[in-house]
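**Student:** Sequences and hints are given; from them, build the entire structure.
Below are the chains, spelled out letter by letter.
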Amino acid sequence: MERGQNMSEYAVSMEHITKTFPGVKALDDVQLHLRTGEVMALLGENGAGKSTLMKILSGVYTRDSGDITIFGHKVEGDLNTKQAQELGVAIIHQELNMCQHLTVANNMFLGREIVKGGRLDTAEMNRQAVEQLAKLGIHDLAPDTIVGDLPVGRQQMVEIAKALLVNAKVLVMDEPSSALSNAEIEEMFRIVKELRSQGCAIVYISHRLQELHHIVDSVTIMRDGHYITEGKFTDFTMEQIIANMVGREITNQFPRDTVERGKKVLEVRHLKAGRAVKDVSFEAYEGEVLGFSGLVGAGRTETMRAIFGADLKDGGEVILDGKSLTIHSPADAIKQGIVLAPEDRKKDGLCTKLSIRDNIALPNLDLICSQIGTVLRKKENTMIEKGKSSLTIKMSSADVEAGSLSGGNQQKVVVAKWLARNSRVVIFDEPTRGIDVAAKVEIYQIINQLKKAGIVVIIVSSELPEVMGISDRILVMCNGRITGEVDPRSTTEQEIMTYATQFGSNE
Amino acid sequence: MNTKKIRISQSVASVITAFVGVVVLMIVFSIMNPNFIKGDSIMALLRSIVPFLLVGIGQAYVCITGNIDLSIGSVLGMSAMISATMMCNGSHPIVAVLVSFVACMAIGFINGVLVGKFKLPPFIGTLGTMTIGRGIAQLANNNYNTDNIGSEGAAQAFKNLFYYGKFLGLYNGVWIALIVWALFFYVLSFTRSGRHIYAIGSNVDAARLSGVDVFATTTKAYMVSSFCAFLTGLVTMAQSGMGSMDAGMSYEMYAVAAAVIGGVSTLGGSGLLVGVIAGAAVWAILQSGLTFAHVPVAFRNIVIGLIVVICVLFDVLRRNGKKTGKKNNSEKPAAEKAGAAK
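Going down the list, the protein sequences come from chains G and F.
Sequential numbering of the first sequence, starting at 1, is according to this note's numbering.
Sequential numbering of the second sequence, starting at 508, is according to this note's numbering.
Don't read these hints as lab results, they were simulated from the structure.
Be a bit skeptical, because a hint or two may be false.
[What the hints assert, rightly or not] Only some residues are given here: those of chain G computed to face chain F with a beta carbon under 10 Å:
id, residue
1, Asp344
2, Lys347
3, Leu350
4, Asn359
5, Leu362
6, Arg377
7, Glu401
[Stated by the list, open to error] Straight-line alpha carbon distances no greater than 25 Å define the calculated SDA-like cross-link-like pairs of lysine to any residue that follow:
id, chain 1, residue 1, chain 2, residue 2
8, F, Lys626, G, Ala331
9, F, Lys626, G, Gly148
10, F, Lys624, G, Asp332
11, G, Lys346, F, Val823
12, G, Lys347, F, Val620
For every residue, glycine included, the Cβ atom is placed at its ideal position computed from N, Cα and C.
**Tutor:** This is how it looks when you write it as C-alpha cells:
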C-alpha cells in the first residue's frame with residue numbers, strides 16, 4: 001500500500017480541529033488523516049482527547065473550528081450524527097449498544113426494519129443479516145439467536161455487521177478488544193483485516209499496545225488535547241510510541257519488587273460456585289502478588305466474587321491465617337480482612353453520582369464513625385487525603401462527582417477505597433483495564449507497596465504481559481478449575497496459553 | 508476548572524428553585540387575596556404544611572435509595588383508623604398509638620423485605636402493600652368510620668399534643684414536623700446510615716461490594732417512610748377527632764410531589780431534605796392558595812399534577828443532559844504545549 005500525499009486519497013481528513021467544553025480545551029488544533037484500506041491506531045492516554053475527536057467525526061459533538069473532509073466531501077457547518085452516518089462513518093463503542101432481548105437480525109435492523117404490507121418482513125431481514133454476517137466470514141450465527149445469549153465477542157461482530165448494513169466505510173472501534181478473550185480477539189482481527197481488504201478505513205483505539213502489530217498500518221498519537229505525531233506503524237518502536245503518549249520515558253512498565261515470601265495467609269479449598277467455578281483450591285502467602293490468568297470465561301472473576309461473598313458459594317472453604325471464615329456477603333469479607341476491587345468500575349466499583357469523598361469513605365465508614373454512627377469529618381478528611389496522595393488522583397476537590405473523572409482516575413478511586421483499611425488480602429480484578437500507561441504504573445506501585453506491607457495481593461488480569469510483569473506467581477485457570485501454576489520470571493506466554501486452554505476431558 | 512460545586516450545586520440549585528417557588532407563590536396569592544398573608548392564615552398555612560412535610564420526608568428517603576413507596580397513604584389511613592378505633596373502644600391513647608405504631612412499621616418492614624430482599628419492583632411491591640394497608644384501615648372498624656374519640660382527659664390530651672396545642676407560639680403539629688425533620692436530616696446528612704442510603708440509590712452493586720447491607724438499608728428507608736406516615740396519621744386523626752377510612756387517600760402522591768418539587772431525584776442517589784420543606788410548602792400553598800382564589804378542585808388537581816410532572820421532567824432531562832455532555836472532559840490536566848517528538 002503506497003502512502004499518497006494527495007488529499008483525495010484520504011477517507012477522512014480532519015484539520016485544525018478545536019473543541020472547548022466549559023472550562024476545558026478538550027482539543028487544540030488537532031489533525032487526523034485516515035486513508036482507505038488502512039487501519040490506523042489512534043493512541044493517547046485517557047483524557048488525551050481521542051474519544052472527543054471521534055465523537056466530532058461521528059457528529060455527537062460539534063467542533064468549534066476546523067475542517068472535516070470525508071471521502072472528498074468537505075463538511076460545511078455542523079456535522080450531525082445523521083450526516084456522519086450518511087457519509088459512511090460508524091462507531092463501535094466500547095460498551096456495546098445492543099438490545100439484549102432481541103434477536104441478531106432485530107438488532108441489526110433496529111430503526112430501519114424492513115416492512116412489507118404493514119408487517120415486519122422477518123424472513124427478509126434474517127436473510128440479509130445472514131448475508132451481511134457472511135461478508136464478515138461468519139457463517140455459524142443464526143439470525144434469530146437472542147443477542148443476550150451470545151458471548152461479548154459475538155455481540156461485537158453483530159454490532160460491526162450492523163454498521164456495515166448502512167454502508168459504513170469509516171469504522172471507528174473504541175477499545176474493541178478490552179472485553180474479549182484471546183480467541184475472540186483473533187476473530188476480531190480477522191474481521192478487521194477483511195474489512196480493510198474491502199476498502200474500509202478503520203480507526204482503532206486501544207490501550208493494549210502489544211496487540212497493535214497484528215493489524216495496524218499507521219498511528220496517530222495525541223496527548224492532552226494536542227496532536228503529537230503520526231506515521232507508519234513500522235517506523236515507531238514501542239518505546240517511542242509510549243514516550244509520545246505520556247510525554248516522558250516510562251523506564252519500567254512493570255516495576256516488580258521482590259520481597260521475601262512469608263507465611264501462608266490465605267487458603268481456598270475446593271471452592272465451588274455456580275457454573276463458572278467448579279473446583280478451585282489455592283494458597284497465597286505474605287509478600288507475594290498472586291496472579292490469575294486465563295481466558296475470559298475461565299471463572300477467575302467468579303472465583304474472586306465467591307471468595308469475597310459477592311456471589312453465593314456452593315461449597316468449599318476459605319481459610320485466613322489458619323481460621324476458617326464464614327462469608328455470606330461482601331460485608332462479612334471486608335470485616336474479616338478480605339477486600340475486592342471489582343472488574344467493572346462503572347457497574348460494580350463506583351457510585352458515579354456520589355462524590356469522590358463518599359466513594360472512598362463508603363466501605364470504611366465503620367472506621368470513621370462515632371458510636372451512634374455520625375461520620376466524623378476530621379477522620380474522613382484524613383482518610384481522603386491519604387488516598388489522594390498515595391494515588392495521585394487528579395481532581396479539583398474531593399467533592400467532585402466521581403463519574404466526572406476520567407477512566408484512569410475513576411479506577412484510582414476504586415483502588416483508593418480499599419487502601420484505608422488494614423486488610424489481609426486485597427483482590428484486584430482487572431485493575432488496569434482501559435486506563436493509560438502512567439495510571440497503570442501507579443497502580444502497580446500500589447500493588448508493590450501492599451506486598452511489602454505483608455498484604456496478600458491477588459490480581460486477575462487478562463493481559464498476559466501485565467500478569468507476567470507484576471505477579472510473583474501465576475495460577476492459570478480454565479473452565480472453572482486451576483490448570484497450571486507458573487513462575488512469571490521464567491514462563492512464556494505460550495506456556496500460559498497452553499494451560500489456559502486445557503479444557504478438561506471429563507466435561 | 509472549578510468543579511467543586513457540581514454535585515452540591517445541582518442539589519442546592521433545585522432546593523433554591525423550590526424556595527424561590529415558595530416566595531413567588533406567596534406573592535402571587537397575596538396579590539390575588541391580601542388576606543392570604545394575614546397572621547392567622549399564615550399560622551393555618553404552616554399547620555397545613557405539616558402532613559405534606561412529614562410524608563415528604565419519608566418519600567424522600569425512599570426515593571434517594573432509588574425506590575418509591577406507594578403505601579404511604581394507606582399506612583397513614585391505618586394509623587388513623589387503628590388508633591381512633593382503639594380509643595373509641597376505651598383503650599388508653601398511649602396503648603392505641605403503640606399498637607398502631609407496630610402495625611405501621613410492619614408495613615414498612617414488609618416493603619423492605621419485598622423490595623430489598625426479594626427485589627420486587629418497588630412500584631409493584633408497594634402497590635400491593637398499599638392495597639393491603641387500605642384494607643386493614645377499612646377492617647379496623649368493620650368498614651365504618653369511627654366516632655369522635657371525645658374530648659375528655661386522655662383523648663383531648665392526645666388531640667392537643669398532635670394538633671391543637673401550641674408551644675412557643677407554634678402549633679404542636681408544626682413542632683412535630685420540625686423535630687422529625689431535624690432528626691432525619693441529621694441521619695441522612697451526617698451518619699453512616701445516611702451515606703448508605705445515598706450509596707444504594709446511586710449504584711446498588713457498587714454499594715453491596717463496598718460492604719453495604721442493601722436489604723437493611725432499603726428496609727430502614729421504608730421504615731422511615733412508614734414512621735412518617737404513621738405520625739401523619741396521628742396528626743390528621745387528632746385534627747378531625749375521628750378515624751376516617753379514606754384518611755391518607757392520595758398521600759403517596761403528595762409525598763412524591765413534596766420530595767420531587769424539593770429537588771429529590773426519583774432516580775435515586777441525590778436529594779436534600781432541606782428541599783422537602785420547600786416542596787411541602789409549595790404544595791400546601793398551592794392547595795390553600797387555589798382554594799382562596801376559588802379555583803375549582805378539578806382544576807387544582809390539574810395544576811398540581813402538571814407541576815409534579817414538570818419537576819420530574821427537569822430532573823430526568825438534567826441527568827440525561829449530563830450523561831451525553833460531560834463525559835471525560837471535566838477533569839483534564841492543564842494542557843501543556845507539546846511538540847511532536849518526531
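**Student:** State the violated hints by number, sorted upward, taking the hints as numbered earlier in the document.
**Tutor:** Of the numbered hints given earlier, the structure breaks none, since each of them holds.
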